[in-house]
Each structure stands twice: as C-alpha cells, then as structure tokens.
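> The residues making up each chain are set out below.
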Amino acid sequence: MRKLSFSARGRIFSFLCVLPWVLGLCLFTLSPIGEVISYSFCRNVFNPDGTVEKTFIGLTNYQNAFVKEGYFRVAALSYAQQIFLMGPMIIVFSLLIALALNKGFRGRTFYRAVFFFPVVLMQGPFLSILDGLGSMEIKGLESFFVFRFLVTNLPEAVYSPIMYIMQNVVYIVWMSGVQQLVFLSGLQKVDGNMYEAAAVDGASAWQSFWKITLPVLRPFILLCGVYTVVDLSMSPLNPIIGLIKQFMFSKANGFGYSGAIAVMYLALIVLSVGIYAAVIMLWGKRPRREQQ
Amino acid sequence: MKTKMNRTPLISRGATILRSILKHGTLLMIAFMILQPIIVLGVTAGKDLYQLVDPQVTWLPRPYHLDNWADAFALLGGINTLAVSVGLAVLLSALQTAAAAVTGYGFSSAYFPGRHLLWVLMILTFFIPQEITFLPRYVLYSHAGLLGTAWTKIAPTLLGQGTRSALMILLFSQFYRMQPTSLKEAAWIDGAGHVQSFVRISLPMVGPAAIVCFVVTFAWEWNDTFFSSSFFKGTIPLMSLQLENAQTLFNAAGGDGYSIAQADSIFHRGIESSAALLTMLPVLCIYLLFERRLIEGLDRTGITGE
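These protein sequence lines map, in sequence, to chains A and B. As numbered in our numbering, residues 70 to 361 make up the first sequence, in order. As numbered in our numbering, residues 13 to 318 make up the second sequence, in order.
Excised from the complex, chain B in its bound form (with noise of 0.2 Å):
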C-alpha cells in the first residue's frame, strides 16, 4: 500500500496503460488461436491451383477465386440439401427445447412420490455418451423398420433422450426454481389451473433457457454425422453428411502412395475448404444472430447452484 502511495500519478498512469496492453496482447492471442483455423480455411477456400502449389502465397491470394465457392456448394448437393439440413436441425431442437421445457417442469414443480429417483436417474444419464446406447437403438429401430427414416432421431428427442438432453432438462428446471411461486399462487388464486399456470406464467418467463437450448441443439444436431450416417442410410440427404463423403473421397484420392495422387489431394484443398465453411455457415448465422441472448442467458441460469 505504501508504495502505491509513493507513485507519481505519471508512473502509476503508465502502468496502468501497460497492464492494459498486456491483458489485451495476451486475449488477443487467444482469440487469434480460436479465429486462426477459420481464417485459414477461408484463404485456402480462395486458392486456385498455382496458389494452392505456390509457397509464396500464404496469406492473400490474389485474385481471390470465387469458383472454388460455387463448386463447393454444387458439392455439397445444393440448396436441396441445404433446406433439408437446415429444416431437420430446425425441428429437433425445437422438440428438444419443448421436450426440456415440460420434463424440467415436472422436476421443479410440484412434488410427486418417485422423483427424487427419477431425479437421479437423470443426472446420470447425464454421463451417458450416446455411442453406448447406439448398437441397441439400431437393433430397436431396425426391428421397428424405422432405419432410414427421421424418426430414428425424432422419437428420442420427443421422449427427452436426444443429444444432451439431461443437460437440457436441468438447465430448464433451474430456471424454473428461480421463479417466486408467489406469481404462480396469485393465478390460482384467481382460479387458474396448473395447467394454466404453467403455460401463461412459467413457460413465458423460461426464454433464455429456451434460447440456449435451441442454439446449441441446433449446432449439435447440425454437426452430427455420425448418427446420420447409420440411422438415415443416406435418404436423407445432409450438408454435413455430404461434407464427410467428399472429405473421405479426397483423402482417398490422395492417400494411395502416388505422388501424382497425393498432389491431387492438394489441389482438392481449396474445395475442401470452402466445403467446410459453407457447412459451418448456418450455425455461424445462428450463433452471431442470438449471441448476446445465448451467453446473457447461460449467464443468468443459476445452473451453478443456489
């Protein structure tokens, strides 16, 4: 304390500045890291072939090739393919987010004999990655002759067991136990019913939990191909999905010990990434469209304890 004291306004003003470019220098860092890949990608995307093979051209190739774009979007099966992804994500985590919605509801509201177990049951499938259960719902859906089909996914997540779902859930009814049950006995008062007070007054106040919800099922959704790929038998044609298949196609090509081969994997490169960032738009759209409301939102959750 004695030295602070003992400072001229003048060094003490200096360290402040210097500490500031510090803390800026090193976050700065560490978003570049984040933001690097991407940035990458996107310059690769922009390549042409001499660019690609030109050890000059790192950072900005010049002219920047747009055609690169266009084949991308061709490969990756159009706007059919895009509606279609989009469409699915769009209607999975909505049913996730209605699914969350009333489950984490029945945990927070009133109590019924059981729940307490059921309570812990849910947390522990928490823990549970899906690839475990996997082979039993492939026999299961098989057996119903639902492979191929989207209600491989839909029904799980309808019943509360899709990607995540317990974390939803819990997210949900933290918010819920946050409401003062004053608003709610005041309806009922006025002679509400529990099924009225739940939908006019605690479902209203649950957006943010929602808007979490929905965000980030629709990025997991998106992104999944492995479940995709197994439970759809490729009739239902997904961005990502076609993105995977030209990835292994091109590593096929140039995998196979030739050098002429192994070459075209280069040349593949500019596709491919640009491949990459057309699948990464919708959520990037998504992402930056609710950003503030996300973060603000798992901010406010209280899912850290009371």
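Just chain A, same shape as in the assembly (with noise of 0.2 Å):
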C-alpha cells in the first residue's frame, strides 16, 4: 500500500466504497433475474429442502400466458392505460401544481406539504383499504350533465381515455407528489431576467410559458417521465404486478408461469421508459433546429 501514489489510493477507496454493492448486485438482483429466465422456460418444481427441479418446455409458460390464457393481455392493456393515458395527466398536473405553488404566497408550506402526503402515507394494505372503501374513484361520473353529453356526442375512442382519466384523477394525484418537487425546483432555475426582456419586447404570459418556461424545464420533464413510469411499474395498484403476485404460488400454473409473465413485464417497462424517454427528447429538439 505504501509505494501506491495518492490518487491510486484515491481510486482505490472509491471502488471499495462501490465494492458491497457490486457484490449486492451480481447476489440479489443479476442472479435472480438470469433464474427468472431460466425459471420461465421451464416447468419448475420446488423441493421442500430448497431446491428447484428444472425440466425445460421452451415457450409453453409464455404461449400459456399470452395466447391461451387472457390475464396477462388483460393486464397489460390496463398498464398501458396507466402509463399512457395516467402517466402524461400526472406530469401534466404537477406541472400546473409546481406553477401554481412557485411563487410565495401565504399557505405555500402546507400545500406543498398535503401535495406530497401521498408518497409517504398512500401505500401497502392502507391504500387497499382506501381502495376497497371506493376512495380511489369517483363514482357515478356519468351521470353528471357534462360527461352524459361527451358520452352520447362523441366515438368512442375519445370519451374513453377522457372518462379513464377522470375516473382516476385521485389517483393521478396522489402519484404526483414527487414530479411537484422536481419542477418546483426546475422552475426555481428559471432566469427571471427573461421573463422581463420578453414581456419588453411584447411577450405575453402564455406565449413566454411556451418559449422560457417549457424549454428550460425540458431535462426536468424528462426526468419526471422516466420516474412516473417507474412509480407505477412499482405501484401496488399495478395490474400486472398483482398478476405476478397472484401466480407466485400457484400449483396449477407452476412458477414459471409466473416468471414468464415477469420477464415479459421487464420488457414492458424497459419499452414504456424508451418511449418516454423519445418522445420527450424529439419534441424539445424540433424547435430549435426550426431556429438555425
């Protein structure tokens, strides 16, 4: 140790800084997921004294949870729902809640900190009790006048996502608190001087919004659309992750059946995060090649 210089000893501490987790990684998350793949290409047996008995099939476990039987089309339907329709209102509203909530005003402490109640306190069996109390929805929102009217007046295809996301919108809340945080501190980065030459040269509130406020919270944006999909990946609400629960255990199907079902789901989310993560890059770039 003593012939090393200062810096090696420098890298060498930080790489034993990172060495535990590294370890971590390759035992509880690289492992597993290589027998989850292996798992779902086979029928599994598991021994009382903690062995599993592998036989392979090839692509039973998926064609049985794909093709033959609906739960994993059904569910995955609805997680696209979710991240799709759910997941932009949800970026949508935090950002109206950071804009609302930026600038200082009596009462700003506690809404910011009812606003981020959710993240800590709406979750596990609590949420399920909310849940199956019926807190989660609203109910009866077709009776109301405004609704009935989208309903009878317009195809299908529109009045749904629109009924969808009303239908969820304590939901969309409650999965917000976090993404407020995010812009709120974006929009504290936000150069007031800018604000001021725009409204000089004419500028109104909204036109500036779109061309100050909206390109600089740009990487923000994108940081919340990669952490909401990952948030509802995760939520216990999940369709998909209730589906992978549901079938852990069972006799009937195997865990393989379950692994199949896992490991299509990785895919899901790793395309739901790539999708995001492209949309929201292509459309903050268009303009300014428009300006060149």
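Watch out, some of these pointers could steer you wrong.
[Stated by the list, open to error] Have a look at the derived ranges for each label pair, beta carbon to beta carbon:
| hint | chain 1 | residue 1 | chain 2 | residue 2 | range |
| --- | --- | --- | --- | --- | --- |
| 1 | A | N222 | B | A86 | 55 to 65 Å |
| 2 | A | A268 | B | I201 | 44 to 54 Å |
| 3 | A | V220 | B | I135 | 36 to 46 Å |
| 4 | B | I91 | A | V220 | 50 to 60 Å |
| 5 | A | V220 | B | L133 | 44 to 54 Å |
| 6 | A | L88 | B | A106 | 16 to 26 Å |
| 7 | A | K137 | B | A86 | 40 to 50 Å |
It should be emphasised that the hints constitute simulated quantities derived from the structure, not laboratory data. A virtual CB, placed ideally from N, CA and C, is assigned to each residue, including glycine.
Reassemble the complex: the two chains are provided individually, in unrelated frames, and hints are given to aid placement.
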C-alpha cells in the first residue's frame, strides 16, 4: 500500500465503497434475473430442501400467459392505459401545481406538505383499504351532464380516454408528489430576467410560458417522465404486479408461468421508459432546428 | 399592456383578490381530495354499530366512540407489535441510508476503471420492480435457511439492493457531486487520507439526502406487506401485516353471500378504520417531524440534472 500514489489510493477507496453494492448486485439482482429467465422456459418443482428441479419446456409458459389464457393481455392493456393516459396527466398536473406553488404566498408550505403527503402515506395495506372503501375512484361520474354529453356525442375512441382520466383523478393526484417537487426545483432555475425581457418585447404570459418556461424545464420533464413510468410500474395497484403475485405460488401453473409474466413485464417497462424518453427528447429538439 | 394601464386601481385590486380566491379554492379542493379518505376513516373509526348503519350520521358521530381505537390496538398486537415494527423499519432505513451514502460516494469521487458500466447497471436496476426478483430470492433464502428471519431483508438492504436503493444511491451521488472538490483538496494538503476526507468532510454535508432517504425508506418498509409476509413467514409480528390479516378476516366474514354476514362486515368497519389509521400513525409522526427538512432536502437535490 505504501508504494501506491495518493490518487491511486483514492481510486481504490472509491472502488471499495462501491464493492459491497457490486456484490449485492450479483447476488440479489443479476443472478435472480437470470434465474427468472431460466424458470420461464422450464417446468419447475420446488423441493422441500430448497432446491428447484427444472425441466425445459420451451416457450410453453409464454404461450400460456400470452395466448392461451387472457390474463396477461388484459393486465398489459390496463398497464398501457396507466402509462400512456395517466402518466402524461400526472406530469401535466404536477407541472400546473408547481407553477401555482412557485411564487411565495401565504399557505404555500401547507399545500406543499399536503401534496407530498401521499408519497409517504398512501401505500401498502392502507392503500388497499382505501381502494376497498371506494375512495380511489369517483363514482357516478357518468350521470353528470357534461360527461353524459361527451358519451352520447363523441365516438368511443375519444370519450373513453377522457372518462378513464376523470375516473382516476384521485390516483393521478396521489402519484404526483415527487414530480411536483422536481418541477418546483426546476422552476427556480429559470432566470427571472428572461421573462422581463420577453415582456418588454411584447410577449404575453402564455407565450413566455411556451417559449421560456417549458424549454428550460425540458430535462426536468424527461426526469419526471422516467420517474412516473417507474413509479406506476412498481405501484401496488399495478395490474401486472398483482398478476405476478397471484400466480407466484399457484400449483396449477407452476412458477415458470409467473416467471414468464415477469420477464415480459420487464421488457414492457424498458419499452415504456424508452418511448417516454424518445418522445420527450424529440419533442424538445424540433423547434431548435427550425431556428437555425 | 395598454388595458392594464387604463384599469382603475379598484378594479385591478378586485381582479387580484378574485384570482387569489380562485387559486386558493382550487388548491384547497385538491388538498381536500388528498385528505378526504383520511377524514372519512377518522370519522368511521368513532362510530359504534348503531351509528354505522344509521344513514343520518355522516360526518360527526356523537358521541365519538373511542372503544374502537382500543379494540383496534389490541387487534394489531398491542405495544409489542408496535415496538417490533418500528424497530425493524428504523433498522432497515438506517442500513439503506448507510449503504446508499457509501455507494453514492464511490460513484461520485475518484474514477476507477469500469465505473461507467457499473453506473449504467445501477440506473437499470432502478427500473426493476422487486416483485420480479422475488422468486429466485425466495429460493436462495430457503436454500440458505434464512426464511423466517429478518436477514431476508437486512442482507439485500445492506448490500444496496433494498427497496428502490438505486434511487437513493442516485440521490446521494448528486449531493456529493455538488460539493466543491477544493474542500477535500485542502484536507488532503493538511495530511488527511481518503477515508478521513470522506468521513470528516463529505459525509457531514449530505445530511439533507440522509433525511430524505431515511424518511422515505421508513415509509416504504413500514407499508410493505408482500415481502415481509412471504419472507418472515409470520415469525416477526408487524403492524401492517396484522392490519392486512384483519382485513382479509373481515372481508371473509362479509363476502360469502349471506345478507347477515354482509351486514357483519359493516359492523367491523369502525375497527377496521381505526386499525388503518393506527397503522399509519408512526409514518405520519415521522413525516410531520421531518416534513420541512424532507421537502427542502428534495428541493435542493439537483437530482434534476446540472
């Protein structure tokens, strides 16, 4: 050790800091994922002594999960609804709240504390009790005049997403605590002089929002998008997670079935994160090219 | 701009007041939406049988019955369960904070070969729900004879693979990156080693990250029932598990189609509600205790990019 230079020792120290995590990664994440993938191609028998007997059966588990029994398709559809309808609404909602809370006014800290509340509290068995009591959805929405009008006068492809979002307003509000804080800290990075300059040039508040605030917030929107997808994917109310749990110890299907669902789910999550990242990055880049 | 100039002061003042009423009205409505379920639970928790079935009693049961709370506390296992649950959650949060603080430092101080690859892997683990790795971990623990012990949760948390550990490591390394290197350099010139500069300079400055990590992990661990019920096998009594068991019990009592039994499940609603609120209370206390520092810590993170 004596012969090593000071900076080399620094490198060794930071490697030693990461080392336990690397061990954990191999033991508790990488090798389990490899195992799940191998389970998904096999029929597995769990022996009492803790070992697993695997017999290779090819794609049967996948066929059962995706083609033969409809559970995964139904759950995947409802997951897609959550990600692509609820997700954007969570981002828009938290941005609006952040804009409202950005300037100091009386009661700001109270609202901030209440809006962050669900991140810490609305979880686990408590969440399922609330869900059971029916606090998660707004009932009887269809009977309101506005929504009756929508349902009778618009094609289903248009009104059903709107109804879906309206029915899940509570969930959207609950899932947006962290994103609000991210946008709030993003808004603090916007230079106030830019608004002043824009106002002198005759820009309205609306214009400066689109031309100044949003471009500055772009990296924050990307971060919130990824966080929202991950958060929705891990939520206890997520349909696919429910499916994985339900079939985990089921004797009839064996846990290769649950493993196949888990593998497909992992692919779905990566795909969703990829779509979000691609859309947000492309959407932000276009106007810049026009200017050049 | 012109119309604004021509407005009389009175009208513009009226507009300001109107706008602030609208703003507060909307914000209060959203705040109510968040707090409403808790208020409903609090009200239901104070109702006795007659008040539960009486449609006239909606908001304020008079008298407010406290026996439900006592019954619920006994149902949840009393002071013993409370102590065990708090102890376990505190232990796991402390371990997660320590692991994330050390790993985050490794990722943000001196470069070593392969760090970029590990960093990418770290970000990728952020996308993996723990349910996916559950089965192999179960097999692993069962093979090692760890099922039914707290090690099933302590070991992965200690090695940085606990509940959303990747997010916490990310948080800590953002905090370390915001620190000026000149501080550490000054310490090195004065003869401090790398360990010393980490413990004496870098660590004391990441207090806000530690608070965020501790509080949020506490809430996650406190509310987790799926992993604790499968890994602990009932050997460790936890409040959230007791609550979930009580819930299934009540649902079973009301769910078998008989009208009398269904009414029975309404009778349990008072106890169920107070049990839910009691289970939530420790998390609520910790949140209220650290709320300001938690939110300020998250505000300052710069997790949001440079």
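> Now tell me, hint by hint, if it's right for this structure.
Hint check:
no., hint, result
1, N222/A / A86/B: 55 to 65 Å, "holds (56 Å)"
2, A268/A / I201/B: 44 to 54 Å, "holds (50 Å)"
3, V220/A / I135/B: 36 to 46 Å, "holds (43 Å)"
4, I91/B / V220/A: 50 to 60 Å, "holds (54 Å)"
5, V220/A / L133/B: 44 to 54 Å, "holds (48 Å)"
6, L88/A / A106/B: 16 to 26 Å, "holds (20 Å)"
7, K137/A / A86/B: 40 to 50 Å, "holds (48 Å)"
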